[in-house]
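Novice: Going line by line, the protein sequences match chains B and X.
Residue 1 is where the first sequence starts when you use the numbering used here, and the numbers rise one by one after that.
Residue 1 is where the second sequence starts when you use the numbering used here, and the numbers rise one by one after that.
Derived by calculation from the structure, the hints in this document are not laboratory data.
These numbers come from a predicted model, not from an experiment.
Cβ coordinates follow ideal geometry from the N, Cα and C atoms, glycine included.
Accuracy of the hints is not assured; some may be wrong.
To be verified - Beyond 12 Å from chain B on every Cβ pair, some chain X residues (computed): (1) D32; (2) L78; (3) V84; (4) V97; (5) L116; (6) K142.
As the list claims (entries may be wrong) - For each label pair, taking beta carbons as the anchor points, the in silico distance ranges come out as: (7) S316/B - R185/X: 55 to 61 Å; (8) Y126/B - F19/X: 20 to 26 Å; (9) L141/B - H146/X: 31 to 37 Å.
Stated by the list, open to error - Partner residues aside, some chain B positions facing chain X, computed with beta carbon under 10 Å: (10) P107; (11) D114; (12) F117; (13) F178; (14) V181; (15) K189; (16) Q214; (17) L216; (18) G222; (19) I223; (20) T224; (21) L226; (22) V233; (23) D240; (24) A331.
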Amino acid sequence: MSEGVLHAGAGHAVQHADYLEEPRGLWSWLTTVDHKRIGLMYMWSVLFFFLVGGIFALLIRLELLTPRQTVMDAETYNRVFTLHGAIMTFLVIIPAIPAALGNFALPLLIGARDVAFPRLNLASLYIYWTGAAMAVATLALGGVDTGWTFYTPYSTTTGGGVSLMVLAAFVLGFSSIFTGVNFIATIHKLRAPGMGWFEMPLFAWGMYATAIIQILATPVLGITLLLIVMERVLGVGIFDPQLGGDPVLFQHFFWFYSHPAVYIMILPAMAVISEVIPTFSKKTIFGYKAIAFSSVAIALLGFLVWAHHMFVAGMSLFAGAIFSFLTFFIAVPSAIKVFNWIATMWRGSIALEAPMLHAISFLLIFTIGGLTGLFLAALSTDVHLHDTYFVVAHFHYVMAGSNLIALLAGMHYWWPKMFGRMYNRRLAAIASAIIFVGFNLTFLPQFVLGSRGMPRRYFNYLPQFQDLHVVSTVGSWVLAAGLFLTAAYLLASFRQPKGMPANPWGGRTLEWETPSPPTTHNFEGQPVLQHGPYDYRPEPAPVGVKEMAH
Amino acid sequence: MSTLTSSAHPHADHGHTPFLQHHFREMSQQFDAAKIGMWLFLVTEVLLFGGLFVGYGIMHARHPEAFMAAHHHLDRTLGALNTVVLLISSFTMVMSVWAAQTDRKKLLILFLLLTLMCAGVFMVVKYFEYSHKFHEGLLPGKYYSHKGDTVPGQFMFFSFYFMMTGLHGIHVLAGMVAITWLLVRAIKGHFSSEYYSPVEITGLYWHLVDLIWIYLFPLMYLIS
Ligand code: HEM
Ligand SMILES: [Cu+2]
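Work the whole structure out from these sequences, hints included.
Specialist: Structure, rendered in structure tokens:
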């Protein structure tokens, strides 16, 4: 950026090219250290793998249309659901909001020029690509059929690409750790002057809490995965009961990571929702501090409950009861958040734009996902529901439903900021409804299936389960239709000329103070905070949504 | 109503050192950010080793006799020597940070060299220890082929021995790369009282590597 003295509003401000235009060329993108460009590259990568994982999902559902073999044999089925689960978890859900939207939006929201370590940021993207390539390469080694949880002893005894897949997850973990390190340092050190911790937008709190988990949990997964490789290569014996090891030890290690990781998937979603709801309700968020603290509380409590995944893995009844109790406890901060979001909407002047519609879908879907979690947290009901479709439905509600719908909310919210263009808002509203219906059609029947005893990861099933499976499969097509419609109008938006105003939604956070799309260095000069992030007192009328191009 | 109060471009105020990156307002901010970053990274390192420590603890509790018997195969003298070498290197590292902070370029180079040498000695000793173990068949897991053991299951101890000291050794090597890089930059005269954060941050890393060894040594060599 030039050394000129720039005054916002003073007529002589030099016009800088936006970050999408300048500098030009593929090479400039591949070597960029601009957080916005890195965020976009993450976004396209994540969406690509979402497509791949989604195609696998459709194949799984198609296979389950009939009780016997439909389109693939049992072995292929195992590989397909493993790859689907691994891709969706490690390549889509975990990076989706923090690495894509977070990278783009976090520095803008706190008035920074970039993240604290721009080169580390670029490195984390390349590490992600490396891990992704390794995961895909396992196909050449005959695939993996262990399920995405890689439970021992199966994962230490089967052939195929298990070692490579496990190493891929290890590598991807580093990418996630680096993003977390970067965000914490950024939030600590690069907030705009005048922005205290409690003037920070809630999105930043959410990213902060997520980063804590990324840093505290991911190394544990890393070492656990290395232990699998060691077991396979050297036969170290740690997980092999014949050699004096303990296969359940793997489950402890794995869930000590993976339960907190569940919150790596949900906290960012909550972070997006906390931005969208006040903007489209034109109201100060209700209970700012409660939302901020509950994020951190969730991050920390998440480490105390891992064994609720192992109630039937040979734990003592006493330990089971303790973990059951702790698990109930963790529902509290989530419930606080839901309550606060609803209170924010209460009597607000709600604009039903696409981001808000997705946010409302999120509220419903997340509530269902959270409440069904309570059935699983209770020792007695979990013994019945464990490893059934009830679990499949539950984690799709909280992972796929909540995280991806929040991703959609965030993408629709920041799209005009990212690209300076608006999508067709009517189509967007229609698509959000289709997605909501399709999602529930797919996964609601699975709760019923599971409660009636349909086990998960089964290729064939008893004929009495077929009706509900058919509904679920049809639902997956509806859901896919909604997602393809979304892809279509988002891509079509690139045919519009740029020309979005800086603040199309009337938001009050800092990213709306800079042009759409922003200039390379985000702000002209140093932003200094003069009001809170959700200050919607009637004072000067914000730019209304109605004045927009579409 | 704008919340944006523009001020002069930050470089205009603090334009001296070429090491201030464009997105920081001032050196101290950049330095603090780097320190936070390194501390967080060290937390992940502790947790990475922590997993192995927990695994070691569990397996030790399960096979106390085997671990007891197996640890006699380790050479305490070499282990103790390496502990001393690493402690010295930590000290010379502290001295290099001090030398950088006080603009003593020659001393900085000297202390960095000494640190690097200690690290080298550590690796050479490790090399002798390892090759001796390889020779005797004291290998991890299924490769364990030591003859005449009276207590079964001693291979488990060596599984952990090699995983933990191996991972630690990789960290020492990484540290040597980092210190070499510091040395090159020190010779080029990049560091001064105004800019020394790479030295300090590499130092933090080096102390961690040292610290982990200080836990590993009694755990493996001095079981009682
Ligand atoms: C888009 C529509 C989707 C459909 C129709 C779908 C369907 C399925 C089905 C049928 C299974 C197999 C269950 C079993 O046999 O145990 C499954 C497993 C799984 N899915 Fe999805 N899924 C979808 C999206 C997602 C998304 C977005 C995620 C991201 C987190 C995801 C994560 C998983 C995971 C982690 C598993 C577990 C695999 C395992 O237990 O080994 N799914 N999905
Ligand atoms: Cu859990």
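Novice: So, D114/B near chain X? Judge it on the closest CB pair being under 10 Å.
Specialist: Result: holds, 4 Å to nearest chain X Cβ.
Novice: Does the claim that K142/X lies off the interface hold, with its Cβ farther than 12 Å from every Cβ of chain B?
Specialist: Label violated. Min Cβ-Cβ 3 Å, cutoff 12 Å.
Novice: Let me know if the C-beta of K189/B comes in closer than 10 Å to any C-beta of chain X, holds or violated.
Specialist: 4 Å, holds
Novice: At a threshold of 10 Å, is the proposed contact between F178/B and chain X supported by beta-carbon distances?
Specialist: OK, holds: F178/B within 10 Å of chain X, min 9 Å.
Novice: Measuring Cβ to Cβ, find out whether D32/X lies farther than 12 Å from everything in chain B.
Specialist: 6 Å, violated
Novice: Would the non-interface assignment of L78/X survive a Cβ cutoff of 12 Å against chain B?
Specialist: L78/X is indeed farther than 12 Å from all Cβ atoms of chain B, at 23 Å.
Novice: Is the interface hint for V233/B satisfied, with its Cβ closer than 10 Å to some Cβ of chain X?
Specialist: 9 Å, holds
Novice: Find the nearest Cβ of chain B to the Cβ of L116/X and say whether that gap is larger than 12 Å.
Specialist: Since the minimum Cβ distance to chain B is about 25 Å, L116/X lies beyond 12 Å and the statement holds.
Novice: For the hint 55 to 61 Å, verify it against the beta carbon of S316/B and that of R185/X.
Specialist: 56 Å, holds
Novice: For the hint on T224/B, just tell me whether its beta-carbon gets within less than 10 Å of chain X.
Specialist: 6 Å, holds
Novice: Just to be careful: measuring from the Cβ of Q214/B to every Cβ in chain X, is the smallest value less than 10 Å?
Specialist: 9 Å, holds
Novice: Tell me if L226/B is really an interface residue toward chain X, meaning its C-beta lies closer than 10 Å to one of theirs.
Specialist: With Cβ-Cβ at 8 Å, under 10 Å, it holds.
Consistency note: the structure conflicts with the earlier hints numbered 1, 6 and 24.
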